[in-house]
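**Student:** Assemble chain B onto chain A, guided by the hints.
So the sequences go chain by chain: A and B. Position 86 (the first sequence) corresponds to 86 in the working numbering; numbering is contiguous. Position 73 (the second sequence) corresponds to 1073 in the working numbering; numbering is contiguous.
Hints are computed from structural coordinates only; laboratory data are not their basis. Treat the hints loosely; a few may be bogus.
What the hints assert, rightly or not - Distance condition first, Cα-Cα at most 27 angstroms in a straight line; then the derived DSSO-like pairs of lysine-lysine: (1) B:1094 <-> B:1246; (2) B:1337 <-> B:1061; (3) B:1031 <-> A:452; (4) B:1377 <-> A:337; (5) A:25 <-> B:1452; (6) B:1254 <-> B:1005; (7) B:1061 <-> B:1146; (8) B:1322 <-> A:452; (9) B:1005 <-> B:1025; (10) A:229 <-> A:146; (11) A:377 <-> B:1061; (12) A:204 <-> A:138; (13) B:1377 <-> A:25; (14) B:1455 <-> A:25; (15) A:61 <-> B:1377; (16) A:31 <-> B:1452; (17) B:1452 <-> A:319; (18) A:31 <-> A:2; (19) B:1254 <-> B:1002; (20) A:200 <-> A:377; (21) A:377 <-> B:1025; (22) B:1087 <-> B:1003; (23) A:25 <-> A:89; (24) A:31 <-> B:1455; (25) A:89 <-> A:3; (26) A:455 <-> B:1025; (27) B:1337 <-> A:377; (28) A:352 <-> A:297; (29) B:1455 <-> A:319; (30) A:337 <-> B:1061; (31) A:455 <-> B:1319; (32) B:1319 <-> A:452; (33) A:5 <-> A:87; (34) A:61 <-> B:1337.
What the hints assert, rightly or not - Which bits of chain B does chain A cover? Going by a derived footprint, with three or more residues having C-beta under 8 angstroms, they are: (35) 1048–1056; (36) 1331–1341; (37) 1396–1409.
The beta carbon of each residue, even a glycine, is placed where N, CA and C say it ideally should be.
2 protein chains.
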Amino acid sequence: MKKIKCDVLVIGGGPAGGVSAVTAKTNYPNKEILVVREFEIQLVPCAIPYIFGETLGCSEKDVASCGMASDMGISTLIGEVEDIDTKEKLAYMKDCQISFDKLIFATGSEPFVHSSLQHSLELDGVFTVPKNKTLIDKLKDYSDSKENIVVVGSGFIGIEIAVEFATKNKNVTVIGGSKHILKNAFDSDIGLQAEELMLKYGVKYIGDDRVVEIIDQNNDNIVNAVKLKSGNIIDADVVILATGYKPNTSLAQKAGIALAHYRGIWVDEYMRTQNHDIFAVGDCSARRDFITKESSKVMLASTSSAEGRVAGSSLYGIKYLKGFSGTIAIFSTMIGKRAFSSAGLTQEQAQKANIDVVVGYFQGLNRHPATIPNAQKQLVKLVVMRHGGQIIGGQVVGGEETGEMINLIGLIIESHFDVYRVMSMQIATQPMLTSAPTSYPLIMASVMAIDKIEKPQ
Amino acid sequence: MKKIKCDVLVIGGGPAGGVSAVTAKTNYPNKEILVVREFEIQLVPCAIPYIFGETLGCSEKDVASCGMASDMGISTLIGEVEDIDTKEKLAYMKDCQISFDKLIFATGSEPFVHSSLQHSLELDGVFTVPKNKTLIDKLKDYSDSKENIVVVGSGFIGIEIAVEFATKNKNVTVIGGSKHILKNAFDSDIGLQAEELMLKYGVKYIGDDRVVEIIDQNNDNIVNAVKLKSGNIIDADVVILATGYKPNTSLAQKAGIALAHYRGIWVDEYMRTQNHDIFAVGDCSARRDFITKESSKVMLASTSSAEGRVAGSSLYGIKYLKGFSGTIAIFSTMIGKRAFSSAGLTQEQAQKANIDVVVGYFQGLNRHPATIPNAQKQLVKLVVMRHGGQIIGGQVVGGEETGEMINLIGLIIESHFDVYRVMSMQIATQPMLTSAPTSYPLIMASVMAIDKIEKPQ
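If we strip away everything but chain A, and leave its shape as in the complex, we get (with noise of 0.2 angstroms):
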C-alpha cells in the first residue's frame, strides 16, 4: 500500500473543500495541501440547471476550474477516502494511506429521496440531481428525446430545471407540495409574483398535491407517469426529483465523528468538531440559523465558501474572529429577465418562530426617471424586529442588479443593522443603473417598516 504525508488532507473538491484548500495554502504556505476528490471533472454546482435548456446546452460548458489550486502548489488525488484513524491520523483510499496533521472534511451532500419514493429510483426516467457530472449527463441524454417531464419539488433547483426545460418547448409540470413556489424563500405574495412569471413561461404548477407514486405501467422498468395524493395521474416520460440534498457524513460517522441535526457534522464557530485537528466544511457540516438558531437545512455555494474560509485560516489556531454565528438563508434566482432574491426570514417564517415583526415594503423603478430604456419595476420587502427595529429578512424582485442588491440586504442581517440606520444610509444612484436617489426601494422599505413601528394600528 502506497503511503502519502500532508499537513493538511482535505476530503472534497466541491466549493467547500476547494475554498478550504486555497485558503490554508494562502495563511500556511509551507504546510502540504492535500485535496483528495472523487471526480477528475468537478461541476459547478448552482449552474446545473442551465445545461438542460438553451442557457449552457451541456455539462461541458459547467465544469469548474481548478487552476488557481495546482497553480498554489496544493495537491490532489482523484479517489475516494473508505475509511479514517482518527487516532492515529491517517486516511486510507483503495491503495493507499495518507496521514495528516489536520483533517478537513468536505463531503458536501446527496440528492434527497422520501423512503416512499426510493425504489422508483431503479426506473428508468426517474432521476434526481446529483453533482456528479456522469449522472447528470446520463438525465440529460435521456431526457433530451423526451417530451413530458415532471420536476418534483418547487424549491430553487427544481424551478431553475422546469425554467430550462421549458426553453426547449417540452411540456413541463412542477408537483410542488406547497401553496406556491420557492416557499422556503418568499412569502406568498412575491413567491406567487415568481410562480406567474414561471407559468409564462410555459411550465405547469400544481401546488396543493404531492406525487405519492411514480408508475411503471407497461412493467418494462420505464417510467410512464407519477400518481398524485388527489388520485391525479400525470403522464411522465422524465421524472426529477428535486427534493432537496442531505449531508453526505457516512464517512465522519464511520470515523467516530459526532453528528448533530440532520445528520449534519457537528462543528463550532470555527468550524472545527469536537476534535480540533479535525474541521468540517460545507453542506456536510451542521448549521443553525442566523436569526432562530434553529437547525437549517439551507444548502448554499457561498455559504460554504465562506466556512471554507473560516477553516482554511483556523486550522493551526484562531487568526481573525469569525463576523457571524449561523447560517443566513440567502438566495437569488433569474426567471425570464426577472430576478428574485431573499435573505433571512421571510415574514411567514418569522411569525411561525414567534418573532415580533413589522414588514416594510416598497415598489419602485430600478432606472429614474422612469424613461430610462429598460427600466423595470423593483420590489424591496423588509422584516423588521417591532422592537429595536434591527432587519433579518429581505426580498427583492428586479432586474439583474438584484442579486446583488440582496448581498447588501445580507450584510445588514449579518450585522445586526436597524431600519434607522438604512433610513440614512450613503449610496450612489445613477440613472442608468439604480433607482432615484429620493425613492431608493431599500431605504423607502426601511422608512416605512419605522412607520409601522411607530403607529401601531
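**Tutor:** Same frame as chain A, now just chain B:
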C-alpha cells in the same frame, strides 16, 4: 402683500428639498409643510446628460415627479425667496410674506466657472450645465444642428454628456486638465480603462492641457474655438463648461447664516445651522469627507437625500441617531455596456492624505461559470488601512450589477468594517446574476489585502 403661514418652510425643490419635505410630513403629520421652488418643472439632475443623446433625447423625459408630495398634503409655491428675517421667522417673496417655525435651506448648487472664462459665457454657443429646464433646452436646441462639441471638464457630468453627444455622431472633444478622466473617483489604473472605453465611443480626450481662452474669431459673438495652454486651437461650435458646481448660498448669506468652506452653509451632524430652527441640506450645505474629515466638494443627489431624511426627522428634536459622520464620495456611471463605480477614497487620495494603506485587487467575472451568456469581467479594488484593516475606499468595474455592488462597499465603509470581516461575509451567488461563490471579487480583494498586510514587501 399676501401673508402665508406654515410650520416648516423648505426652500428648494431638488432631491434634498423634496426628501426633507416628505420626511418632515411623515414624521410630523400635523405640521404644515411648504416647499418654495424656483421652477414649475424640475429636472432629475443626474439624468441631464442623457437628454443630449439617444438615451432620453429630450428634457421632457427627464422631469421629476412631485406626485408624492402633493398626495401627502405638502404645499408648494413656485417662485423665489428673496429675503429672510431669521429673528422674526419670516421669508419674503416678491409679493408675499411667509411665516415659519422651522426653515430648511435646500437651495442646491449652480455651475462653477473659473473667473478667467466667465466673460465667455456671453458668447453664443458657450454653456454650463445648470439644473434648469429652460437653459438645458437652450443648450440642446443650439447643439442639435452643430458639429464640433468641446466639453471642458472630465468629471461624471462632462463624460456622460460627451458620450451621449458621441452617440449622435458629433465630433466631441473633452478637455480634462488631468492625466485621465474621472480622476476624483478612480485611480489611474481604472480611470484609464474608463478613458479607453470613452475613446472607443468616438470621444477625443485631451488630458494634459487646459482651456485658457474661448475664441470668437469673427467678433460676431459666436464661439468658434477654444485655445489651450499649449497654444493648440480646437474648433468648437459648442463649448460646454462642466467644471463643477458651487453651493447656492447667497440667500443664506444675506440672512446672516454662517457659511463654512467653499461657501457652503455650516451645519452640524443633524443638518442644523448655528440656529437650531434653521437647517441646511444638500449641495448648499458644507460637507466634510467621511474618512479624512477635510472639507469635501462632493455633491450627490443620493447624499442630499440622506441629509434630507436626517433633517426632516430632526426638526423638532433628534428622533434617530445619525449613522454616519461625513460624506462618502460614492458614484457610479456607465460607459457603453461597462459600469464604473467608486466609494470612499481612491488609493491616490489616501496616499495624498498621508494615510497608510494597502490595496486589495481582484478581477473575476460577473457571472459563473464563464460560459454563461454575456458574462463580463468584474474588477474590485479596495483601499484598506494597513493597521486594523478597515476598508476606506473601493472601485468596481463590471456590468450593470456594479451600481449595487458599490452600495455594498459604501455600507462597508460607512460601518468601518474591516477586510477580516468581509472575508467571511455571507452572500448569495447565482450563475445568471453574480460571480462565483468561490471567487466573489469583493471577498477576494479583501483576501488579497489581508495577504499584503501580513506579508509586507
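**Student:** Looking back at the numbered hints, which does the structure fail to meet, lowest number first?
**Tutor:** none
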